[in-house]
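Let's have the full structure, built from the sequences with the hints guiding it.
Numbers given in our numbering equal positions in the sequence shown, counted from 1, plus 3.
Just so you know, these hints were derived from the structure itself, not from any lab.
Since the model is a prediction, treat every value here as computed from it, not as a measurement.
Any given hint could be a false lead.
[To be verified] Here are the simulated lysine-lysine pairs, DSSO-like style, with alpha carbons at most 30 Å apart:
no.: 1; residue 1: Lys-163; residue 2: Lys-249
no.: 2; residue 1: Lys-112; residue 2: Lys-163
no.: 3; residue 1: Lys-112; residue 2: Lys-154
no.: 4; residue 1: Lys-311; residue 2: Lys-112
no.: 5; residue 1: Lys-249; residue 2: Lys-154
[Stated by the list, open to error] Label-pair ranges, simulated between beta-carbon atoms:
no.: 6; residue 1: Arg-274; residue 2: Gly-43; range: 54 to 60 Å
no.: 7; residue 1: Ser-231; residue 2: Gly-17; range: 51 to 57 Å
no.: 8; residue 1: Gly-27; residue 2: Ile-290; range: 53 to 59 Å
no.: 9; residue 1: Lys-311; residue 2: Leu-21; range: 29 to 35 Å
no.: 10; residue 1: Asp-201; residue 2: Arg-297; range: 21 to 27 Å
no.: 11; residue 1: Asp-132; residue 2: Gln-246; range: 18 to 24 Å
no.: 12; residue 1: Glu-317; residue 2: Gly-27; range: 36 to 42 Å
no.: 13; residue 1: Val-104; residue 2: Glu-79; range: 17 to 23 Å
no.: 14; residue 1: Ile-290; residue 2: Asp-201; range: 29 to 35 Å
no.: 15; residue 1: Leu-8; residue 2: Lys-249; range: 55 to 61 Å
Heads up, the beta-carbon is just placed ideally off N, CA and C, and yes, glycines get one too.
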Amino acid sequence: MTEPLTTTLEVMDGELLLRFSGPGGAHLQHLGVELGVSLGLRGNELLLVGPEQAVTRSQEIIAELLHVLEGRSLTELELCRAARTAVRNPRARLRELFEDVVLVTSHRKSISPKGIAQQLYTHSIRSHDIVFGVGPAGTGKTYLAMAMAVKALQEQRVRKIILTRPAVEAGEKLGFLPGDLAEKVNPYLRPLYDALYDMMDVERVRVLVEREIIEVAPLAFMRGRTLSGSFVILDEAQNTTRQQMKMFLTRIGFDSQAVITGDRTQVDLPRGAGSGLDDAVSLLEGIEGIDVVRFSDEDVVRHPLVQKIIRAYEGRA
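What follows is the structure in structure tokens.
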């Protein structure tokens, strides 16, 4: 059996070492799991123990992470996610990922791709008029699209943002809810507002919504319109019918772009009804100007347990 390799990596900047390792080295155990080595602290040195190949690669990844930390702060979760990305994608350059800032929010938070799939997604949105983002919950499909939309509005590349979702009854009956139609469907649109409030000042969002520069509406409200000069996001697209998807796609006007997001494993349509998302992807993929970006459970950026939950359900299916 090959003896494990032991080596050290000196970090002269004590504050940088603390931000990497965490108080008392709290980050190192989880980082070591992602890198496949044992990590420890010895003075101003990081101690790496493990198989030679893993130790060598870990040194390279840690050097990149330290470089990233010189310019920004990262949580333990973000550090671990970045390490996981680098291990799974040897050609990934973490500096490029973190330097690809999609949006700086009103709260001074930088929104950047958190993995190779997200980076491909943002590049695709920049270079295509219509993009389908398909994959499980928690992969950042809608959130990143929203950030790209806000950025486009700030740079005056579009005149308005339109956010829409189908109001499909996910085990609940709309008819039993109080209020008119707009009030009944508002809970379906709440996640879109939450993402907006994370990126922009609440009062600013309110003003833009009042002026109809930002529009958040159920998909049924899109019928008969031409959506020109707009950044349009259709969320939860797996719950569109084929007719609804065709209606939406044919609303796109000049100087507009559309991002359609959905999870093909969470269809809430009546049994036997075909999903408009599946139909559109199979029919339109390959057409110039249209791109499809697929995410997997490995791209989940929520709590680490979410990835395990998704795999458990997929395994039972």
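Hints, one by one, checked against the model:
Restraint check for Lys-163 and Lys-249: satisfied, since their Cα atoms lie roughly 22 Å apart, inside the 30 Å limit. In summary, the hint linking Lys-112 to Lys-163 is supported, as the alpha carbons are separated by about 23 Å, within the 30 Å threshold. For a cut-off of 30 Å, the pair hint linking Lys-112 to Lys-154 stands: about 13 Å separates their Cα positions. Distance hint between Lys-311 and Lys-112 is fulfilled; the C-alpha atoms sit about 28 Å from each other, no more than 30 Å.
Distance hint between Lys-249 and Lys-154 is fulfilled; the C-alpha atoms sit about 27 Å from each other, no more than 30 Å. For the pair Arg-274 and Gly-43, the beta carbons lie near 55 Å from each other, so the given range of 54 to 60 Å is met. For the pair Ser-231 and Gly-17, the supplied restraint of 51 to 57 Å holds, since their beta-carbon distance comes to about 56 Å. Separated by about 55 Å at the C-beta atoms, Gly-27 and Ile-290 satisfy the suggested range of 53 to 59 Å.
The hinted range of 29 to 35 Å is satisfied by Lys-311 and Leu-21, whose Cβ atoms lie roughly 30 Å apart. In this structure, Asp-201 and Arg-297 meet the distance hint of 21 to 27 Å, their C-beta atoms being roughly 25 Å apart. Checked against the hint of 18 to 24 Å, the C-beta distance between Asp-132 and Gln-246 comes to roughly 22 Å, which is consistent with it. Hint check: Glu-317 to Gly-27, Cβ distance near 37 Å, so the stated range 36 to 42 Å holds.
Between Val-104 and Glu-79 the beta carbon distance is about 21 Å. The supplied range of 17 to 23 Å therefore holds. At roughly 33 Å, the beta carbons of Ile-290 and Asp-201 sit within the given window of 29 to 35 Å. Checking the proposed 55 to 61 Å range against Leu-8 and Lys-249 shows it holds: the Cβ atoms sit about 59 Å from each other.
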